[in-house]
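Novice: From first to last, the protein sequence lines are chains X and L.
Each residue of the first sequence is one higher than the one before, counting from 1 in the numbering used here.
Each residue of the second sequence is one higher than the one before, counting from 1 in the numbering used here.
Since the hints were made in silico from the structure, they are not lab data.
These numbers were taken from a predicted model, which means no experiment stands behind them.
Each residue gets a CB set at the ideal place from its N, CA and C atoms; glycine is no exception.
Please note: incorrect hints may appear among the correct ones.
To be verified - Using C-beta positions, here's what the derived DEER-type ranges look like:
{"hint": "1", "chain 1": "X", "residue 1": "Gly-89", "chain 2": "L", "residue 2": "Gly-39", "range": "37 to 45 Å"}
{"hint": "2", "chain 1": "L", "residue 1": "Trp-217", "chain 2": "X", "residue 2": "Glu-59", "range": "45 to 53 Å"}
{"hint": "3", "chain 1": "X", "residue 1": "Asp-118", "chain 2": "L", "residue 2": "Leu-239", "range": "35 to 43 Å"}
{"hint": "4", "chain 1": "L", "residue 1": "Trp-217", "chain 2": "X", "residue 2": "Gly-64", "range": "49 to 57 Å"}
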Amino acid sequence: MAEIEVRGLTKTFGAVTAVRDMSFTAPAGQVTGFLGPNGSGKTTTLRATLGLIRPTAGETLIGGVPYRHLAQPRRRVGALLEASGFHPGRRARNHLAVLAASCGVPGRRVDEVLDLVDLASAADRRVREFSLGMRQRLGLAAALLGDPQVLLLDEPANGLDPAGIAWLRGLLRGLAGEGRTVVVASHVLSEVAQTADHVVIVNAGELRFSGPLHELGGSGQALESAFLRLTAVPG
Amino acid sequence: MPQIRTEFRKLATIRSPWLLLAAGPVIVVAGITGLVLSGTNVHDPAAQSRAMAHVGLAAVFTLMFGILAVAGEYRHGTITDTFLSFPGRGRVIAAKLAVYGLAGAAAGLVSSAAALAVTASWWAAKGAVFHLSAAGTWPTLAGGVAANCAFALIGVGLGALIRNVAGAVALALAWIALIEGIAGQLIGPGLARWLPFYASEALDRAAIIATRLLPQWGGGLVLLGYAAVFAAAAVLVTLRRDVT
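Just chain X, with the same shape it has in the complex (with noise of 0.2 Å):
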């Protein structure tokens, strides 16, 4: 089990507080959706949490350790981010073999999960000539190359057609079925409604919201006006 703890997170950069004093818990076994409007601090709550950005306090724990302290982090914790990109002229194989070459991951897992996003086809051409989508499912591909049991997801379902969110949705679902730690941030509530189990809610870099999905009335419209009500801009 390896669920994660956020504990304290701080973050300012210069005059700006991007995340306030953030503490919270995403179970393992659930599909955790972190809401909040743009600029609210989600990005940089993922960031900190995958050592990517220092904290200002407080820290992130992953099945109790540090990120930068894990062993073969890449094989423990996936993660999709919104600025993580792809070289324009590195075949979608190659990009995956890199990512594998660095994890110690065998060669037949990059065709594995070219399977698993549906990119077997396009797999040997340059990422430049993908479309969004496209993009989208290679990432996710790089983010379960290491089999991991903790998934962080960064807006997964951006630039994916209708069945690709429907097939999306049955893959969290799956994965938090066996057991692992699944976190999609996202501004989509209807689909967060149908996936997630638990969820977090921030508004500009302070917790909102953290529990089960169903305290906040469960459908897609009731989630919709507690996200409203809790990120309001007080006064």
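Since the structure of chain X is already known, use the hints to place chain L on it.
Specialist: Okay, now just chain L, sitting in the frame of chain X:
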């Protein structure tokens, strides 16, 4: 070390770095051909090492190649994946220095082979005798290979410090074309010979212009020193900086 294996795999799966490295031998062939066609007396014993000195010119391309190592990853956003695989960023920079330094030296060897081949051909065409053992041939080539390696290392450090390909390339070219010349004028030849491109001249064409420069080994050490300073600064800064 998986960091090194990963860097080799990255290089093997894209074309742009190889095009840069391939430009080295091309400029060497073009330069030597220009030297001959501009009327240089190929029977002059010193002409042969002047031809070999073109290998050092190719180092401008290994410098660009080195800049791509880190700055190229920032450009395409792949640096995030790299640091997710290896949270110990110091080792990532170290692996890049090892791999790019090796590739830079290898490019220098290819440029040297090109220099020998094209010089021998021109000498034969002009009826001159080409001696592998002619004075200055091997020291000049060795210096050229070392310069190709050292500038790849400097490029890695520079790219990691600036993180922007266009910015780092512009700064490097401005330094080569303008800044170092002006700085050299201001501080005088006694100090100027310690500047990086004066040092590289000492390293890769020592046999030609010796008087105002460091000895060849001194030029090599000074360049290595610059590479070490850039690398150390790159590691320090990379460890501290947020990747957003």
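Novice: If a hint holds in the structure, say so; if it does not, say that too.
Specialist: Hint by hint, here is what the structure shows:
Under the hint 37 to 45 Å, the C-beta atoms of Gly-89 of chain X and Gly-39 of chain L, about 43 Å apart, fit the expected range. At roughly 50 Å, the beta-carbon separation of Trp-217 of chain L and Glu-59 of chain X lies within the given 45 to 53 Å, and the hint holds. The hinted window of 35 to 43 Å between Asp-118 of chain X and Leu-239 of chain L holds, with their beta carbons roughly 39 Å apart. At about 54 Å, the CB distance of Trp-217 of chain L to Gly-64 of chain X agrees with the hint of 49 to 57 Å.
Checked against the numbered hints above, the structure breaks none of them.
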